[in-house]
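Undergrad: Please construct the entire structure, taking both the sequences and the accompanying hints into account.
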Amino acid sequence: MTAHVSDDAVLDLALGAGTASQRGHAGSCEACARRVREAASALELAQRAEVPEPSPFYWQALRHGVSQRIAQEGQETRRSAFLVPLAAAAAVLAVLFSVPGLPVKGPLAPGLAAWSALPLEEEDEGLRVLEGLALSSGELAEWDRGEGLSAYLANLTDDESRVLAETLRKRGQGGES
Amino acid sequence: MTSVALACPLGLAASAVPGSGAELEREAERDAIAASKRGEREAFEVLVARYQRPIYRLCYRYVNDHDDANDLAQEAFLKAWRAISRFRGDSAFSTWLYRIAVNACLNFRAKRRPETREIDEALVDPRPGAEWQVEREDDAFRVRAAVSRLPDRQRATLILKLFHDLTHEEVAGILGSSVGTVKANLFHALANLRREMTRARETRS
Chain Z
1 MTAHVSDDAV LDLALGAGTA SQRGHAGSCE ACARRVREAA SALELAQRAE
51 VPEPSPFYWQ ALRHGVSQRI AQEGQETRRS AFLVPLAAAA AVLAVLFSVP
101 GLPVKGPLAP GLAAWSALPL EEEDEGLRVL EGLALSSGEL AEWDRGEGLS
151 AYLANLTDDE SRVLAETLRK RGQGGES
Chain G
1 MTSVALACPL GLAASAVPGS GAELEREAER DAIAASKRGE REAFEVLVAR
51 YQRPIYRLCY RYVNDHDDAN DLAQEAFLKA WRAISRFRGD SAFSTWLYRI
101 AVNACLNFRA KRRPETREID EALVDPRPGA EWQVEREDDA FRVRAAVSRL
151 PDRQRATLIL KLFHDLTHEE VAGILGSSVG TVKANLFHAL ANLRREMTRA
201 RETRS
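Those protein sequences? They're chains Z and G, same order as listed.
Residues in the first sequence are numbered from 1 upward in steps of one, following this note's numbering.
Residues in the second sequence are numbered from 1 upward in steps of one, following this note's numbering.
Source of the hints: derived by calculation from the structure; they are not laboratory data.
Hints are not guaranteed to be accurate.
[Claimed, not checked] If you want the ones that stay clear, here's a sample from chain G, every Cβ over 10 Å from chain Z, calculated:
#1 D31
#2 A34
#3 R38
#4 A83
#5 I100
#6 N107
#7 L158
#8 A172
#9 G176
#10 K183
#11 R204
[Unchecked claim] A partial selection of chain G residues facing chain Z, derived with a Cβ cut-off under 10 Å:
#12 E45
#13 F77
#14 R88
#15 S91
#16 F141
#17 A184
#18 L186
#19 F187
#20 L190
#21 A191
Cβ atoms here follow ideal geometry from the backbone N, Cα and C, with glycine treated the same way.
TA: Spelled out as structure tokens, the structure:
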């Protein structure tokens with residue numbers, strides 16, 4: 001008598017496959033025949049696990065849900081892409097103000113309004129340089145609503161603003177590495 | 001052939017006679033994939049429509065719950081959209097998509113693991129020859145519940161092999177394992193399923 005068939009062979013036989021030799025053995029060995037029957041009955045049992053059919057409208061809802069999530073993600077990606085130049089500008093600022101000799105802004109003096117140090121927008125060269133570096137027209141308002149960069153700019157003195165504008169201009173023209 | 005396989009005409013074993021329906025469908029799918037890679041959402045929606053049923057059913061069989069299956073199916077398609085530019089066509093698109101869905105299911109289980117009770121992988125049915133005589137609907141529910149409690153790999157193997165009509169090789173490709181491992185997992189899954197159903201039957205009687 002040949003050796004009992006392996007688990008793999010039992011599975012193959014239960015699935016209707018297996019070699020002639022394996023089938024021959026299972027046909028003459030009650031122990032192996034029983035294992036094949038058990039595997040086959042479990043297969044038949046598993047096949048009964050039918051999935052309830054959802055409503056006919058469900059498939060449309062699924063597609064809609066996927067489309068919405070993709071569209072939403074697309075918007076977020078575009079927003080992220082917009083933030084990249086902003087982050088670059090912020091990084092430039094951070095580097096600038098870590099340069100020795102450049103005045104580092106401390107807390108505002110008591111009674112000094114935050115906006116008092118800012119020149120008028122049309123006279124503010126720094127803003128124009130920033131626009132030229134990282135932003136296209138109209139996008140400035142997007143980040144200017146935030147409190148990060150704009151708040152920092154609001155705290156600059158006239159001298160600091162001039163230094164910043166001059167430095168950014170030089171960097172924008174490749175005059176300073 | 002199961003209804004799932006019929007619903008997924010790209011079935012991995014479909015013939016590819018030039019000019020045949022299967023070949024035209026494959027060509028349409030290739031076009032949709034190429035357009036999706038270019039970022040055309042409408043093209044990707046074609047792929048979603050094509051695979052939504054098998055992917056949903058795969059997820060349902062994994063979690064045995066409509067809402068969770070819906071979330072997982074959407075998640076799988078979203079991940080496929082994000083990654084489609086990296087789909088090189090080394091395997092069938094369906095294999096690639098199934099793999100994403102199975103991974104989503106595995107991650108879902110990992111997050112919920114404390115709430116689930118798995119069958120011990122090492123256990124097999126000590127009582128052979130058991131038969132189950134239960135009503136069909138109850139049967140389906142109980143079998144689904146038992147399947148959903150199988151260890152992750154056994155469950156994924158059982159679902160892909162039995163309900164999606166895939167070959168051992170295709171299942172191995174999706175799960176990133178060998179054919180031998182697939183067969184072993186399937187064998188133990190069936191044994192555990194029988195044991196679980198026998199226990200459930202004894203509990204009821």
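Undergrad: Among the hints numbered above, which are violated by the structure, and what are their numbers in rising order?
TA: 7, 10, 14 and 15
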